[in-house]
Amino acid sequence: MRGHLDGLILAVLESGPLHGYAIIEALQARSGGALDLPTGTVYPALRRLERAGHLAGAWSTVGGRERRTYRLTRAGKHALAAQRGEWEEFRDVVNRVLGGGSWPATG
Amino acid sequence: MAGDGLTVPARPGADPIEAHVRALRDALHGPRRVRASLLAEARDGLEDAAQALCDDGVDAAEARSRAVAEFGPVREVADGYQDELAAAQCRRTATLMAVAFPALLLSWNLLWSAVSGPAAPSTPTFSFLSRLEDATSLVAGLVALAALVALRRGSPRRVLFAVTALGVLTPVVCVGAALGMAVLGPHGGDAHVAGYVVTAAVLVALVRSVARAHRMLAHTRPL
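Note that the protein sequences, when read in sequence, are chains A and B.
Using full-length UniProt numbering, the first residue of the first sequence is number 1, and each one after it goes up by one.
Using full-length UniProt numbering, the first residue of the second sequence is number 1, and each one after it goes up by one.
Chain A on its own, in the form it takes in the complex (with noise of 0.2 Å):
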């Protein structure tokens, strides 16, 4: 799942900037709780991205208090469109290999 990290991250912010703790939470409700990673390799995967040029990073104060709020940033969009369309096109494939449908039919 950690490898995904970095798309799961891109795809709860698409629908607006969020503070730390509220992508993580955005990232259990999403998976149903079924995404069970430690909290604090969240943090350093942020600025992973905003070093990467995909998220846009800000202390700003939210709810009385001074968090760092992330948002997507066009070249984050363009990544979270490829990881979508590599994902799906690795799902196709692992979904006719473990589907077990007849052979296709050379010659």
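Source of the hints: derived by calculation from the structure; they are not laboratory data.
Remember, predicted model here, so these are calculated numbers, not experimental data.
Partial chain B-side listing against chain A, Cβ under 8 Å, derived: (1) Asp48; (2) Phe71; (3) Val77; (4) Gly80; (5) Asp83; (6) Glu84; (7) Arg153.
Idealized CB from N, CA, C, for every residue including glycine.
Knowing the structure of chain A, use the given hints to seat chain B on it.
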């Protein structure tokens, strides 16, 4: 969890969130301001997690311990943070190089032209040293720019290594060439002395930044 190596055991009576943030701080090495920003965000996240658990009816002390457990052990999460600190130090050093080397190249060329005139005769050795210094500075500046682009992707360890090597080799070549040119070339008087002082100051700043970047290598996970 205390004693299993997964979380930092808080001293009796100590706040688990503060103890965990302190342990994370002790495990991280890098630019102070970036480290403070990373730790502030981690602390915020832990406080938010504890508050969310409290809102769900969990006892306050239990909520703080559970927030720490959900955050993950320092040894497991520190690598991700350390990568970002290494990237920050690498960015500083590469930016300094990308600006300093071409700036020094331009300044020295102007200085030599002012002292000796554009058509001044020079020995083959002087010309070779001059071209060597120009080419080295130019390539170093371009490699530093490439490093800044490469830093946008993945682990910074390889970029850090390249920047460190560049930061050692380039000053050695440039200082060697400059000393040779100072011996062989025309004497520029006070202008040259001022040039050497400024160059030395820039190189000292650069070497300090490179030394910090080199220390980052020891603390950054291999690819």
